[in-house]
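Asks: Could you slot chains F and U with the ligands onto chain H? The hints should help.
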Amino acid sequence: MTDTNELIRLSAADLAAKLSAGDVTSVEVTQAYLDRIAAVDGQVNAFLHVNAEEALAVAAEVDAIRAAGGAAAEELHELAGVPIAVKDLIVTIGQPTTAGSKILEGWHSPYDATVIKKLRAAKMPILGKTNLDEFAMGSSTEHSAYGPTRNPWDLERIPGGSGGGSAAAVAAFEAPLALGTDTGGSIRQPGAVTGTVGVKPTYGAVSRYGAIAMASSLDQIGPVSRTVLDSALLQEVIGGHDPQDSTSLTDPFDNLVAAARTGNVEGMKIGIIKELHGEGYQAGVENRFNESLELLKDAGAEIVEVSCPNFKYALGAYYLIMPSEVSSNLAKFDGVRFGLRVLPKEGPMTIERVMGATRAAGFGDEVKRRIILGTYALSAGYYDAYYGSAQKVRTLIQRDFDAAFAQADVLISPTAPTTAFKLGEKLNDPLAMYLNDVATIPANMAGVPGLSLPGGLADEDGLPVGIQLLAPAREDARLYRVGAVLESLLEEKWGGPLLDRAPELQAPALDAANTVGGSN
Amino acid sequence: MAAINRDDVAHLARLAHIEMSAEELDRMAGELAVIVDSVKSVSEAAGDDVPATSHPIPLSNVFREDVVGHTFTAEQALSGAPDAAEDRFKVPAILDED
Amino acid sequence: MSADTILSFEEAMEKYDPVLGFEVHVELNTKTKMFSSAPNVFGDDPNTNVNEVDLGLPGVLPVVNKAAVESSIKIGLALNCKIAESCRFARKNYFYPDTPKNFQTSQYDEPIAYDGYLDIELEDGTVFRVEIERAHMEEDAGKLTHMGGAAGRIQGADYSLVDYNRAGVPLVEIVTKPIEGAGSRAPELAKAYVAAIREIVKNLGVSDARMERGNVRCDANVSLRPHGQERFGIRSETKNVNSLRAVEHAVRFEIQRHAAVLDSGQPVIQETRHWHEDTRTTTSGRAKSDADDYRYFPEPDLVPVVASREWVEELRATLPEPPAERRKRLKEAWGYSDLEFRDVVNAGVMDSIEETVAAGASASAARKWWMGEIVGRAKTADVDPAELGVSPQTIVELNGLVEEGKINNKMASQVLDGVLAGEGTPAEIVEKRGLAVVSDDGPLLEAIDAALAAQPDVAEKIRGGKVQAIGAIVGGVMKATRGQADAGRVRELILEKLGVEG
Ligand SMILES: [Mg+2]
Ligand SMILES: [Zn+2]
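Respectively, the protein sequence lines represent chains H, F and U.
Residue 490 in the UniProt record's numbering sits at position 490 of the first sequence; the count goes up by one each step and never skips.
Residue 81 in the UniProt record's numbering sits at position 81 of the second sequence; the count goes up by one each step and never skips.
Residue 332 in the UniProt record's numbering sits at position 332 of the third sequence; the count goes up by one each step and never skips.
No lab work stands behind these hints, which were simulated from the structure alone.
Hints may be right or wrong, so weigh each one.
As the list claims (entries may be wrong) - What follows is a set of in silico ranges between Cβ atoms, one per label pair, in the way DEER data are often shown:
| id | chain 1 | residue 1 | chain 2 | residue 2 | range |
| --- | --- | --- | --- | --- | --- |
| 1 | U | MET147 | H | ALA71 | 57 to 65 angstroms |
| 2 | F | VAL50 | U | GLU310 | 27 to 35 angstroms |
| 3 | H | PRO243 | U | VAL127 | 22 to 30 angstroms |
| 4 | H | LEU343 | U | ASP119 | 34 to 42 angstroms |
| 5 | H | GLU425 | F | ALA10 | 54 to 62 angstroms |
| 6 | F | PRO58 | H | SER307 | 51 to 59 angstroms |
| 7 | F | ALA10 | U | GLU387 | 57 to 65 angstroms |
| 8 | H | ALA385 | U | ARG213 | 43 to 51 angstroms |
| 9 | H | GLU425 | U | THR145 | 37 to 45 angstroms |
| 10 | U | GLU310 | H | SER307 | 50 to 58 angstroms |
| 11 | H | SER307 | U | GLN270 | 47 to 55 angstroms |
| 12 | H | THR4 | F | ARG27 | 48 to 56 angstroms |
| 13 | F | ARG27 | U | ILE269 | 50 to 58 angstroms |
| 14 | H | GLU425 | F | GLU44 | 30 to 38 angstroms |
Claimed, not checked - Short derived list, chain U residues pointing at chain F, Cβ under 7 angstroms:
| id | residue |
| --- | --- |
| 15 | THR32 |
| 16 | ASN47 |
| 17 | THR48 |
| 18 | LYS92 |
| 19 | PHE95 |
| 20 | VAL383 |
| 21 | ALA450 |
| 22 | ALA453 |
| 23 | ALA454 |
| 24 | GLN455 |
| 25 | PRO456 |
As the list claims (entries may be wrong) - With a cut-off of at most 20 angstroms between alpha-carbon atoms, the simulated PhoX-like pairs for lysine-lysine come out as follows:
| id | chain 1 | residue 1 | chain 2 | residue 2 |
| --- | --- | --- | --- | --- |
| 26 | H | LYS493 | H | LYS102 |
| 27 | H | LYS312 | F | LYS40 |
| 28 | F | LYS90 | U | LYS143 |
Backbone N, C-alpha and C fix where the C-beta goes; we use that ideal spot for every residue, glycine too.
Here chain H stands alone, though its shape is the one from the complex (with noise of 0.2 angstroms):
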């Protein structure tokens, strides 16, 4: 067998050819993570809750099923007993689900989202559940109700958000995938300063059924990974058409591994915005992002510029149109049907007064914001000029992108203006948080989808800067082709991943065994 530390930093697509070559089990490697969620977890608090007797029970049927041969083992999906992480955002039978909110602590759901009915026809393990900004509202996994998460390359930093959790994780060697959320860049943004990978893909590619909503246009779910690779395979598995979600596209999203496996960007024109780059982004975040367009122009790329006037106004539409539908998203936690209840401590015992005193006790701050905002927003007298307003740019940014994959095949950016900012360092000031989703949320205003992967160390900090890549809707496949390129060129310019470079993280030995197999 292949030594522990080795194990967990393989990524998915070399631990699946190991477990189906039956060069190790699906026990040692879940074991494996499960020692490392043990080992790190403490310091990283990446984890909710962690489902080490679950999952060990899938990976130890997987191995079974490999073990006895026949038809049962061929049909094994082929990242079958592969481990993974899932975003708290996510509904689960069996395992808390909070939103990393304190009005859902400890509900259980008793019904699976569609992602993880997939994740289990696929056999692969379910790790636990990660952390994130409350009902994924925030750019720092600062506004968890259960504690930031901590950037594994450095834990004074944050993992970005709201996917802080998960990106952690995958960063932490704590789990070799994760499923995200993206609703203004929550996969991609923690994916960009922690040094991984993370696809928001086409809007309806894959189901959002049991994802709790934040916006209910602009969310989706999607892969975290360390690879490329490793997120075109989790797509794959996630990803199809779902009756029960009335957004989900019929189209076939099949070609992405393919895609991934094939690179080759020779021909292809890739477009730089001219809106999401320079002022405003760190130096070290735009040399990142100058070498990686040299590197892709040596691949043979065509460099172009295009402009995306309307941009400005994204974030601005963003902050409305995203408040308005989480204000209606949010009303049903009040505390008849499931989750906290707060009784009023003085005065009449009505419902009204009781689902006020829970909402008041149960929501955070960021979250009571974006409520209150969102009410204004669609509130009489005021939603022709609010959210009226903003479903036009919406249509302006749509019409941008069609001019803009006019003249390219895919675009490029920076995911991020900065790099990882110190933890509480922009809690007090909205707005300046706010700007970190300022290159991701074009695309989820006009549903087409987006990748980032890592793009260098900035040399200021050292740490590390994303690279986003976008396509037209429907065209998933192309940022997978074109990602795995540059995701080569750079790791051939490294001499390995960039996460090889992160800090090495020290367990604290009596940490260890309070993790494993119960919630912190």
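Replies: Just chains F and U with the ligands, lined up with the frame of chain H:
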């Protein structure tokens, strides 16, 4: 567009069913004023000729056939309920005495 | 709560002109709910016809029931509406514990059907056109039971219990334009309008239309204005008036109440009113307030419904004949008088008569059987005549036996009892019970001789030309044959015997 003040926030908090202290209302009013100010350019971005987009990928007529699917037992339905009685969800009085 | 003062209806009508408006909610009888695959069934155990979607659990998404859309289009067509080429769902945001998501998925500025009308025929044949503003699709709420207070009222209750079985049941809300010019017939029109909606949706087969189960629920808007004034007065909205009688009474009461308020020089308050069947009055509900800011916006989890003209025409082709037209046609075809036809309609046997005629009976025979024999029995059994258990085929057979002279009317009534007792077909019962009319003249002639011998004076009278005295002899024969003789034949034979022309 009028600036957002404390009374506005109090009204919005009532609509949203979130109890807020006086101090919280003040703080929220200040934060929202800044955010609202930063998004106001949106209302001038698009002319009347620009249609609104509510769905990123346009689809239509996504239907379900009228075929009965799964149901919960009352026990499953009530499994997460903060309070229940007689197989139903129990809630405090709906109206204050009037 | 103090009782409202009211004016007499007559005085109210002298001074004011009523304007009405109705919002009628129709529950569709689809197999499943509007947005979930849970069953749409009335009366099951609490919270057993629900899944995660109906409970609004975190993460769920709605999917539109195609059959509900088709039923909605049919209702729109039956109300002479235009069907939207494309329409959307919208969220109506408000917190209430019977509404699982704290928003109702409904339609706002893009209803599926709009701009229609319905011609309402009043008792005396006056036809009144009611304009339909819109008919839109939405979902029903769960059911609240208020505990601890008086008589299940919300006021004074200690707590409430929620059953979400009804949550998500498909609804079509039909909204009229303001109805002007009804004058003193406003209450009658109100009742007739709701009755017409009920009849239409039942006839379409899209709703069970049982008002006592809440399948059809009416909110009635009433306002008054002085005669000659064009501007509408301030309206009240009386919620959930759930029987035809109550609709009439509620409109009448509100007209009288508004008139008293206006007479006192006060403005009418725009508010919802609650209807109380026991006192036949309304009481004040909630005043319109800023809490009614529903913050409608397009439902992002659903995509537009595009009704192609082909689809609409396909559905139109399936529509049954409108009830009013059908009644007119049947009355003419059957040749009934106004009174006869109204009695048939009121007795609820129009469909049965139509089926009986279709099975081969004449219209007059069908009416004779249903009105003469079956309606009375149904009343005694406390069931609808059609549900008594008499098939049109049975009536045709029975009627044939009488017309052929095999049994008489009295026997037919006994045969019907036999049919209802499950003894078999009319022919079988006649056989089993030995009820056939005695048609062999031999035994009859013997009985006639005996009867004539027993009453020689009567025989003499008949011979003398007083034919009307024959009844006593016929009676004697019938008695002797225990009613099994054909009275007509007996009469013939007596006259023959006595050599008298009948
Ligand atoms: Mg209404
Ligand atoms: Zn309604």
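Asks: For every hint, state whether the structure bears it out.
Replies: A quick look at each hint next to the structure:
1. Between U:MET147 and H:ALA71 the C-beta distance comes to about 58 angstroms, which sits within the given range of 57 to 65 angstroms.
2. With their beta carbons about 31 angstroms apart, F:VAL50 and U:GLU310 fall inside the hinted range of 27 to 35 angstroms.
3. A hinted range of 22 to 30 angstroms is violated for the C-beta pair H:PRO243 and U:VAL127, which are about 47 angstroms apart.
4. A C-beta distance of roughly 55 angstroms is found between H:LEU343 and U:ASP119, which places it outside the suggested range of 34 to 42 angstroms.
5. Against the hinted window of 54 to 62 angstroms, the Cβ-Cβ separation of H:GLU425 and F:ALA10 comes to about 31 angstroms, which falls outside the hint.
6. In this structure the hint that F:PRO58 and H:SER307 lie 51 to 59 angstroms apart at CB is violated, the actual value being about 25 angstroms.
7. Take F:ALA10 and U:GLU387: their Cβ atoms lie about 59 angstroms apart, and the range 57 to 65 angstroms holds.
8. Hint check: H:ALA385 to U:ARG213, Cβ distance near 45 angstroms, so the stated range 43 to 51 angstroms holds.
9. Our hint of 37 to 45 angstroms for H:GLU425 and U:THR145 is violated, since their Cβ atoms are close to 53 angstroms apart.
10. In this structure the supplied range 50 to 58 angstroms is violated for U:GLU310 paired with H:SER307, their Cβ-Cβ distance being about 44 angstroms.
11. The supplied range of 47 to 55 angstroms is met by H:SER307 and U:GLN270, whose beta-carbon atoms lie about 53 angstroms from each other.
12. In this structure the hint that H:THR4 and F:ARG27 lie 48 to 56 angstroms apart at CB holds, the actual value being about 49 angstroms.
13. Checking the proposed 50 to 58 angstroms range against F:ARG27 and U:ILE269 shows it is violated: the Cβ atoms sit about 38 angstroms from each other.
14. The hinted window of 30 to 38 angstroms between H:GLU425 and F:GLU44 holds, with their beta carbons roughly 32 angstroms apart.
15. Restraint check, U:THR32 versus chain F: the minimum CB separation of about 5 angstroms is within 7 angstroms; hint holds.
16. Interface restraint check: U:ASN47 against chain F, minimum CB-CB distance 4 angstroms, threshold 7 angstroms, status holds.
17. Evaluation of the U:THR48 hint against chain F yields a held restraint, the C-beta minimum of about 5 angstroms falling below 7 angstroms.
18. Checking U:LYS92 against chain F: minimum C-beta separation of about 13 angstroms lies over 7 angstroms; hint violated.
19. With its C-beta approaching chain F no nearer than about 5 angstroms, U:PHE95 sits inside the 7 angstroms limit, and its interface hint holds.
20. With its C-beta approaching chain F no nearer than about 30 angstroms, U:VAL383 sits outside the 7 angstroms limit, and its interface hint is violated.
21. Using the Cβ-Cβ criterion of 7 angstroms, the hint placing U:ALA450 at the interface with chain F is not satisfied: the shortest such distance is roughly 72 angstroms.
22. With its C-beta approaching chain F no nearer than about 77 angstroms, U:ALA453 sits outside the 7 angstroms limit, and its interface hint is violated.
23. The interface hint given for U:ALA454 is violated, since its Cβ lies 74 angstroms from the closest Cβ of chain F, which is over the 7 angstroms cut-off.
24. Because the beta carbon of U:GLN455 sits about 74 angstroms from the nearest beta carbon in chain F, more than 7 angstroms, this interface hint is broken.
25. For U:PRO456, the shortest C-beta to C-beta distance to chain F is roughly 80 angstroms, which exceeds 7 angstroms, and the interface hint is violated.
26. Restraint check: the Cα-Cα separation between H:LYS493 and H:LYS102 comes to about 45 angstroms, which exceeds 20 angstroms; the hinted pair is violated.
27. Note on H:LYS312 and F:LYS40: the hinted pairing holds, with a Cα-Cα distance of about 12 angstroms set against a maximum of 20 angstroms.
28. Pair hint F:LYS90 plus U:LYS143 holds up; C-alpha atoms about 12 angstroms apart against a cutoff of 20 angstroms.
This entry does not satisfy hints 3, 4, 5, 6, 9, 10, 13, 18, 20, 21, 22, 23, 24, 25 and 26, going by the numbered hints stated previously.
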